[in-house]
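A.B. asks: All chains, full assembly: derive it from the sequences and hints.
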Amino acid sequence: MKLHILLFSFLFTIVVSGQERFLTKQGYTSFFSSAPVEDIKADNNQVLSIIDTSTGTIAIAILMKSFMFEKSLMQEHFNENYVESDKYPKAKFKGQILNFNSLDQNEQEVTIDGNITIHGVTQKLETLAKITRTTDHISVQGSFPLKIADFNIKIPSVVVNNIAEIVEVSFALDHKPYKK
Amino acid sequence: MIRKTKIILINAVLIIILAVIFISVTVFNKPHTDVSENTPNFYLEATNVLEEFQDNETQANTKYLEQVLQITGTISELNITDEKGVISLSDNDSFGSVMCHIDAKENSKLTTLKVGQMITIKGICTGYLMDVVLVKCIILN
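So the protein sequences, as listed, match chains Y and V. Read left to right, the first sequence gives residues 1 to 180 (full-length UniProt numbering). Read left to right, the second sequence gives residues 1 to 141 (full-length UniProt numbering).
Every clue listed holds true.
35 angstroms max Cα-Cα, derived DSBU-like pairs, lysine-lysine:
no., chain 1, residue 1, chain 2, residue 2
1, V, Lys84, Y, Lys41
2, Y, Lys92, V, Lys63
3, Y, Lys179, V, Lys105
4, V, Lys30, V, Lys109
5, Y, Lys71, V, Lys63
Residues from chain V shown here face chain Y by an in silico Cβ test under 10 angstroms; the list is partial:
no., residue
6, Val27
7, Phe28
8, Asn29
9, Thr33
10, Asn61
11, Thr62
12, Leu65
13, Asn79
14, Met99
15, His101
16, Cys125
17, Val133
18, Lys136
Source of the hints: derived by calculation from the structure; they are not laboratory data. We put the CB at the ideal spot given by N, CA and C, even for glycine.
C.D. replies: In structure tokens:
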């Protein structure tokens, strides 16, 4: 809840002062689970991500129902049984891109350090990402492993061979200067 | 006589097994909601649905998530990148919009659209971030 307020106030400050924010509403994220019985992949093209260039802060919000699966039954199980997206409709991340202000225009590897909230559970997350920053564009991409059990998501023993304990999360966020 | 009963029994068991396999395969491969073939659960104006989400997001989520919405509004922004079309519907006074992510098979229709035009779109609502998000949208007119 605290994070929710933080994110909201963060969004609100953007409305007030427009300039130093870069934003995307069409960011991409996916997760991939590889298990003995099957591989499962889901894509989401509706990620909201905001970078404050004065501080290097990044805030990301993701709609759980925007994850698209190959099979509709998987999507149904994901939303209803595992992440309970009626109760927890969003996943969030708020963090810091380290050494943000020393970046030049070349692609570089940076560390992003922050907190991720999924299924109502907040965990620390530190990951490497590739970042390219120009005057009208900031692209951030990378991937990291996520342990399902860390977020209090229970996988029934019947499907334990269908779903991996650790899923690979990928992201590609292409920010543009925010103007309204 | 016993032999005959046995054969009938074996056949019955076989039929039941086949039926179970058939049903589970159909359930497992249940198709995704086809937006173009579904009658909308709600007919709405873009500004109204945006207001509903801004006023009470939880309530609007309960009402609209995973539902097929048919929404009419003015195009405030058109965005086509990497074969992905996104149409934003809003009047320019409001902060936020209804963002419609267009289904790839509708891409040919995107070229004829202009900002400022009135349009009706049908899609599945997945929630609200800064905008109300609709996916798998098809363009009606």
